[in-house]
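Colleague: One-letter residues, chain by chain:
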Amino acid sequence: MTNTLGMNYLASLSRFVPEVLASITMLGLLVIEASFSNRSKQIKARVVYGFATTGLVVTILALVENLQLPTSQIFYGSISIDTFSSSMKLIATISTLGVIYLSSFSKEIYSFLKTEFVVMAIGVLIGCMLLASANNFLTLYLGVETLSILSYVLASFKKVDERSNEAGLKYVLYGGFTAGIMLFGISHIFGVVGSIGYAEVAAKLGLMGNMDKLILIPSFILFFAGLGYKISCVPFHMWTPDVYEGSPTPVTAFFSLVPKFGGLVALMKISILIGVGQNVVSITWIGLLSLVAALTMSVGNISALGQKSVKRMLAYSSIAHAGNMILAIVVLKDGLNALVFYAITYTLMTLVAFYIVSIIHDKYGSDHFDRFNGLITRNPAMAIAFTIILFSLAGLPPFGGFIAKFNIISIIVKKSYYTLAVIAVLNSVISLYYYLRLVRLMIFKQSEDISEISGFNFSRQTVVAMMTLTVVILGLFWNNLFDYLSRTVASY
Amino acid sequence: MSHLLDWILWMPALGLLGVLLIPKDKVTFIRFWTLANTLVTFILTILLYSNFDSEVAGIQERFYVAIPWIQQFNIYYRLGVDGIALPMIILTGMLFFICVLSSWSISKSVKAYFALFLMLETSVMGVFLSLDFFLFYVFWEVMLIPMFFLIGIWGGENKEYAAVKFFLYTFAGSVLMLVGLIALYFASGQNEDSFNIIALQGGHFTDMTVNLFGSQWSFAHLFFVLMFIGFAIKVPIFPFHTWLPHAHVQAPTAVSVILAGVLLKMGTYGFLRISFPIFPEAAVYFRQWIAVLGLVNVIYGAFCAMAQSDVKKLVAYSSVSHMGFVMLGLSAMTVQGTNGAVLQMFNHGTSTAMMFLLIGILYERSHHRWIVKPDGTKGFSGLYTQLPIYSIVFIIAMFASMGLPGLSGFISEALIFLGIYKEFTTITVLALLGLLIGAAYLLWMFKRMFFGEVLDEEKKYTDMNMREVFYMAPLCIAVIVFGIFPAPILNIMKASVGGLVSLMAKYH
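Residue numbers (our numbering), protein chains in the order written: chain G, 3 to 494; chain B, 16 to 523.
Derived by calculation from the structure, the hints in this document are not laboratory data. A few of these clues could be false.
What the hints assert, rightly or not - Here are the simulated lysine-lysine pairs, DSS-like style, with alpha carbons at most 25 Å apart: (1) G/K160 / G/K43; (2) G/K447 / B/K180; (3) B/K388 / B/K437; (4) G/K447 / B/K462; (5) B/K39 / G/K447; (6) G/K447 / B/K126; (7) B/K180 / G/K310.
Stated by the list, open to error - Quick list of the computed label-pair ranges, beta carbon to beta carbon: (8) G/S456 / B/D40: 53 to 63 Å; (9) B/D40 / G/S418: 52 to 62 Å; (10) B/Y522 / G/S493: 39 to 49 Å.
Heads up, the beta-carbon is just placed ideally off N, CA and C, and yes, glycines get one too.
All chains, please: the whole structure from these sequences, using the hints.
Modeller: So, in structure tokens, the structure goes:
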């Protein structure tokens, strides 16, 4: 599994290229920001976005390169570069790129703060990469904190808006608190086991008797609080709707993607180590995950039912989707490819949904459900794309969202978690209800306002159309992608 | 010949592409295009009938298609036809053609209407043709999307509520089926044939057990019940029927026809194709409960129909009652009973389609459907004098649906009762009572609407025009011909039904 790179800093760097490239992009942007005068705003924006895009595309290429290589542990075993984390980092980078594109036209990101937004987003991405690649609890904590601190700033990005400030404050308070709890859990694990490396902890755990292990259960639960908070799973989800609603739309889109992916990868990696076998820790851990998955799906979906703001509805639905992805973690290694597949479709669907919500929000200054009335007559292309995406989010064939759910449900049925499977499918019925509410407004209702939706220009239409088409294609011809994931990711 | 099923399945989809290419304002062209397309599909189904070998039990080799689709999960694009599916396919082909004619008067976004209509036809055909469980499921679900929009955009006053309710109910049923089909896939060893509906059949899962909540359950019983709920919602079987009156009443005429004529049969077709042959032991185990539920449907549906003052709602509830007869026939698990059930599926498809079409024709003239208006005054009266041709067609449809000898409904109901009498005598006697109530509500409705004084507002009603006569004619002929001479349908399904019944007999 491991190779000798672990001891050599220079050799380690060769596998750390994506993170380095992302950092260079981030730092380069700061230089660019400072070197332009205030008069050349247009050119500055172009340079900033051009540089960020190039940087992230190069990062993506480096990640693709990493996908081909066997697992290796670098920097004295504190970071592990493997196909699973590389693929999730790849998805996170693409998500970041998608969100940066969204920020370029969103009016909610003030034009003089656009560079800052891009810098922060890439910073969060670096934190997410660190979190995903972490191979010991301290690196994990470092990743969580990098991710969090910049997220707090992002949440309060609309600085003159009270709600955005409130969102930022709430995020800081909750985040600081859970980070503390998590650190306490980690220190307890260290106290008992005497090590912070994932592999060492798992190895020591294997040697302990059941009674000795009992003492570790509270520490793992405390540790779970920190990750659960990042994934926003129940019962650590309370902050999500307020923060998601208060934050500017691009930030909300970003929060429902990148931090979740980082948290999910870390959770999966740790679950694979401590969840195997039949002992008191693993049974508790898997039981906990099952319970959390079922609760996350149900609470997310039920809370989404009564929402009046589309952004808030999407926030709750993203909680439910996180629950679906935790289901893949319940079955440990067998769920790897299903989880990555879900993340891919979820990214595409979420980005399209937020693009459209953002365009509507920019036009009306609100994303209340009523704003979507009669969208089919005002902008048919937008309404049809959104309808497809909403159906896909609900898990209807022949769209990608269905296949993503199918993969996860099939793996949990294979492992005989029938009750969880039934809860999961019934949850997609609940979710269909609130997605249909929006479809109903868009297509059946007449709107009083028949003015054009100006923000939806040709390039944005192309992007939305391409992503929607990908969602449809993933629903019909998913053989190749799934096959590829089974070969690469599942070998982790 | 080997691609005939492909053509039947994808012909409407080709038509859909065509509709999308035609500019929005060329309304007449869109109508004729769709009409021609559905006619071609109908002719193809007739061609399938004429090439069908009625001696072969089970799937016909010569039409069978199997192409790998998702190798990872052994999912195939697998189409085939047997004597149980064929009547349904012909019914689908015929009803869609007729419904295009009856939709001529639709004037609101014609292009979208016919596009969705053709999408619906492909997905319905897909359900009846596919032999791969995954493919079956995809078509089963895809069908909901056009139905949702067809009810929600072109429906009556309360259309949105009806559309959402229909969508959610059916979706809830089908996701349970999804869990079942995945469980079957893993239980059968994840091999080449694990999504092959035909290979799954034969009771391979009888002895398997599942550990749930700390105790052992029979795999077959557990998943039979799970899938039963999925199909029962579609049929619909009491107590899952509450979506039906709303959806039927609010849907535009053509969609009500498809809903009652074809979509309800997908539920019972699911029992015949999937639940019963895959879990024969469980089906036998639960059969008296199925019979009881069927009986409840018959009686409850009939009484509900009697209480209605909206004639469309009355016919909707009569469908609940008639689908109860199908369930009774299925629960008998005898040759006559199953033959009767399949024949009843076809006959109910034609007779109820006639009823809904006739109500649609009347509605275009009156713009209401009240037998008795909410304020207590008469909604219709003396239609017989005002609309003679209409009344004659209505009488044929009504008597066919009532099960009068000489018309199609009689033969299938008689077969069902012959089949079930020895198995469940009490239930049979009670179900015969349902037949009586059925006659009562239909005749009472007829008396109130067609006899008596002609109302003033009815004076301006015109009788059926040529187009309406033209599309009612094939259904009238079908109802009369199959009432006297049901052999053409009974012959094609004889061998396949025999195979199913002998499989079930092993577990009796």
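Colleague: Look at each hint and say if it fits the structure.
Modeller: Evaluation of the provided hints:
no.	hint	verdict
1	G/K160 / G/K43	holds (20 Å)
2	G/K447 / B/K180	holds (17 Å)
3	B/K388 / B/K437	violated (45 Å)
4	G/K447 / B/K462	violated (40 Å)
5	B/K39 / G/K447	holds (20 Å)
6	G/K447 / B/K126	holds (19 Å)
7	B/K180 / G/K310	holds (20 Å)
8	G/S456 / B/D40: 53 to 63 Å	violated (26 Å)
9	B/D40 / G/S418: 52 to 62 Å	holds (57 Å)
10	B/Y522 / G/S493: 39 to 49 Å	holds (45 Å)
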